[in-house]
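Novice: So the protein sequences, as listed, match chains A and B. Under the numbering used here, the letters of the first sequence match residues 1 to 471, in that order. Under the numbering used here, the letters of the second sequence match residues 472 to 942, in that order.
There may be inaccurate statements among the hints.
Taking CB as the label site, the calculated pair distances span [as the list claims (entries may be wrong)]:
| # | chain 1 | residue 1 | chain 2 | residue 2 | range |
| --- | --- | --- | --- | --- | --- |
| 1 | B | Ala690 | A | Ala62 | 50 to 56 Å |
| 2 | A | Gly77 | B | Pro621 | 43 to 49 Å |
| 3 | B | Asp760 | A | Gly22 | 58 to 64 Å |
| 4 | A | Gly77 | B | Cys936 | 57 to 63 Å |
| 5 | A | Ser412 | B | Gly517 | 58 to 64 Å |
| 6 | A | Ser412 | B | His616 | 31 to 37 Å |
| 7 | A | Arg142 | B | Gly517 | 15 to 21 Å |
| 8 | A | Arg142 | B | His860 | 42 to 48 Å |
| 9 | B | His860 | A | Ala62 | 22 to 28 Å |
| 10 | A | Thr217 | B | Cys936 | 56 to 62 Å |
| 11 | A | Pro406 | B | Pro621 | 48 to 54 Å |
Treat the hints as calculated values from the structure; they're not laboratory data. Note that the structure is predicted; figures quoted are calculated from it, not measured. Here a beta-carbon is modelled for each residue, glycine too, at the ideal position from N, C-alpha and C.
Protein chains: 2
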Amino acid sequence: MADSWVDPAEGLGADLHLELSGPGGRRAALTRALREAISGGRLAPGTRLPPYRSLAADLGVARNTVADAYAELVAEGRLTARQGSGTRVAERAEPLEVRGRVSEKAPPRARGPRHDLRQGTPDVSAFPRAAWLASYRRALRRAPHKAFGPGDPAGRIELREALAEYLARARGVRTEPGRIVICSGFAHALRLLFPAVLRGPLAVESYGLAFHRELLTAAGVRTVPLALDEDGAQVGGLAGERAVLLTPAHQFPTGGPLHPVRRAAVVDWARARGGVVLEDDYDGEFRYDRKPVGALQGLDPERVVHLGSVSKSLSPALRLGWMVLPERYVDEVLAVKGAREAWAGVLDQLALADFVGSGSYDRHVRRMRQRYRGRRDRLVGTLAAHAPHVEVTGIAAGLHAVLRLPPGSESSTVEAAVRRGLALDGLAEFRHPEAPEAMTAPDGLVVGYATPSEHAYGAALEALCAALPPP
Amino acid sequence: MADSWVDPAEGLGADLHLELSGPGGRRAALTRALREAISGGRLAPGTRLPPYRSLAADLGVARNTVADAYAELVAEGRLTARQGSGTRVAERAEPLEVRGRVSEKAPPRARGPRHDLRQGTPDVSAFPRAAWLASYRRALRRAPHKAFGPGDPAGRIELREALAEYLARARGVRTEPGRIVICSGFAHALRLLFPAVLRGPLAVESYGLAFHRELLTAAGVRTVPLALDEDGAQVGGLAGERAVLLTPAHQFPTGGPLHPVRRAAVVDWARARGGVVLEDDYDGEFRYDRKPVGALQGLDPERVVHLGSVSKSLSPALRLGWMVLPERYVDEVLAVKGAREAWAGVLDQLALADFVGSGSYDRHVRRMRQRYRGRRDRLVGTLAAHAPHVEVTGIAAGLHAVLRLPPGSESSTVEAAVRRGLALDGLAEFRHPEAPEAMTAPDGLVVGYATPSEHAYGAALEALCAALPPP
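Pulled out of the complex, with its shape left as it was, chain A reads as follows:
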């Protein structure tokens, strides 16, 4: 930040807040104020001060008054003046008084584990920087002035149009832009829906992300576990719930698809009971053995809320997702979103509209599909060669796989991995705390094979094999 001052050649200067008060003249007051700002740490070592004329104009004092004050502080060793680089706070000035909290320049957790196979993150080294920048540039150039004003809680129409076309084409979603609401990801969507628009209890798969369950609990929504088997969630077990949250394309985390008969059954349930199905389409684009199963929403757009985001396909850092809503919820969701006002950034929305509309999104998804398919094949091949007793379960899809372990070996395997510097989760992490014994899945590891960068994947797989229990 040392170079943050405007170049004096620009003739504008930068803002510097100083109070000129106390005894003595203006020069004395300015000298004192600068000295205190340096001692107190407000002006950090290396900070460049504004040019004389700029500060003088700001403070309403003569240019010489500023020059004299600077000179005095240079004499005191608090400032340094060098031809061409202006006047700066001396590097050996008094240290910043940090009040209580340690500076975070190098937070300890920034180091992280040596090998990371935790699920949930795409390969962040593959973010398509050039294509994204191209979309951002076009979006910024084309944006009407009004785009920089107060926004619309629904999100930019450009993005909703692009998504309506994309989701229909690629995921079989039946919608139009008026039913799409842009949000900041899946968790944000849940918080917009519950409890303001939908009420609990909410049936959820007996295995899922604890973060989502906790978020619902905090919103006063009770979640009820639904058993899983090889055909996915046992939707026949739905009883008095008003809503059910499913991952139909690829159960998270156990990895199977919802059987077609159950897809139809859960929609029938919603129609008969006036219920609603929430479809978490978190990795629907990533299927490797066949074309992806279409969205459940296509079966009945009035009974299914379709939820997606770019968190797995592009990056969770963009904080961009979408809800495709039954007509009757649209106005309520917009009212809730409007009253809370913390919407997704408009320029990123416009950039994503261009990214999707120009085909860059398709290209990126295809590229990542090749990469992740390769990762999964390599995982399967490595296990076949080095740990044939450990089975990879679930369909060839998504950004993670589940390895079945011998009964009773899950927690010791996770611990063995941690000792080798490998971070990953056991299946137990994902189990609903109220799931009865009968709903407990066999021991297993959830392997996020998308998480490492290409060059780090091999070593992570080696660490994994070394941590697995013997046959």
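Given chain A's structure and the hints, the job is docking chain B onto it.
Specialist: Relative to the frame of chain A, chain B by itself:
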């Protein structure tokens, strides 16, 4: 969106979801699936279909099967095939079945008023597109891979460092990056603080933004009005409240600064009672008659929460703001923010860090200061010439001014303005609903002189003069 398909020359194709099921062979199934996708509106007129080889590979069928299906639908008039532009859905294909909700291509409100002097928005035509893009490009190039992974609820350290330096220098804020939490604007900050971290009742100025009061009420926080006079909020009237929300630099909307004696008094109150002061520094950079008054937070960083954003200085569309917190609140705020997870986009955060750190933010603020100062001078001059009986009150600062009106004329003046196509608000809009008679300000208009673009400002002023009551 008609051009959203990937150019076949790219050799990648795009995703198209189709279910091949039902009687007959693959070709019949594909033809039927495409026909239904067109009839049902999933494939809009003009949409370009994937190249044969791409769709064939996706569906696991022969290339000729796709070619035959396309040919059949061309024969039916549902598709068109033209050399060089590929196969597209025919423009006269069946219309999209829009379910209930009308498409929003041209929402009625998009037209808006002819002249807009509503407060709250900077001149959106002045968004520094080129400088922002330059910062975004640099930020994207420099970002470590990890920046594209899961974020930190505190916000990017690059931005917190840049803001710590800027706020100390320009606003007299005493802080370090560890006490800054990035958020999506002022409303988001309020929702993070109340009621999870701070409890009500909350004293607020008797005039302020209804949106903020309503948001607090929705969060279960009672707001108690505090009287205003020529020295600002009467902080001596604080009684049992635990917290007070102030606009010390430039009372919103009445326009005066908080008197230095009261600045000291409210900090003393917070120290004596264990209370906290929330400083809404919404337009602190924009002062035209002298250098801005420093942030109240500088008087006691442990008793004042300093809140700011780029919504007035750059654009509300970026959804970027910050909280500068007393040490004791940092962990609690981060816990609340982490548990809700709808954070500001990381790339915009990094772009703003570069924008501030490179001096572009200072340059932009200075440029807008010149512009808004000119707008205010023109307002004052126009009124002096055409309506000398209408006084401009408040200090020369910010993006709005208050015009004092003859008693009893406020609502009729607003109505007269509306008849002339001029949108603006009367002071009554901002009054706390529980403010007693004694706290009622004289009749007045709140004029957002920053809102129009340069070329539209003159006509807006003319409409304003024409709507004012006679002397």
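Novice: Could you run down the list of hints and mark each one as holding or not?
Specialist: Hints and how they fare:
1. B:Ala690 to A:Ala62: 50 to 56 Å: Cβ of alanine 690 of chain B to Cβ of alanine 62 of chain A: about 51 Å, so the range 50 to 56 Å holds.
2. A:Gly77 to B:Pro621: 43 to 49 Å: 45 Å, holds
3. B:Asp760 to A:Gly22: 58 to 64 Å: Violated, since aspartate 760 of chain B and glycine 22 of chain A (Cβ atoms, about 22 Å apart) do not stay within the stated range.
4. A:Gly77 to B:Cys936: 57 to 63 Å: 59 Å, holds
5. A:Ser412 to B:Gly517: 58 to 64 Å: 59 Å, holds
6. A:Ser412 to B:His616: 31 to 37 Å: Roughly 32 Å apart at Cβ, these two residues keep to the hinted range, so it holds.
7. A:Arg142 to B:Gly517: 15 to 21 Å: Distance hint for arginine 142 of chain A, glycine 517 of chain B holds at roughly 20 Å.
8. A:Arg142 to B:His860: 42 to 48 Å: The hinted range 42 to 48 Å holds for arginine 142 of chain A and histidine 860 of chain B, with Cβ atoms some 46 Å apart.
9. B:His860 to A:Ala62: 22 to 28 Å: 40 Å, violated
10. A:Thr217 to B:Cys936: 56 to 62 Å: Holds: the Cβ-Cβ distance is about 58 Å, inside 56 to 62 Å.
11. A:Pro406 to B:Pro621: 48 to 54 Å: 32 Å, violated
The structure shown violates the earlier hints numbered 3, 9, 11.
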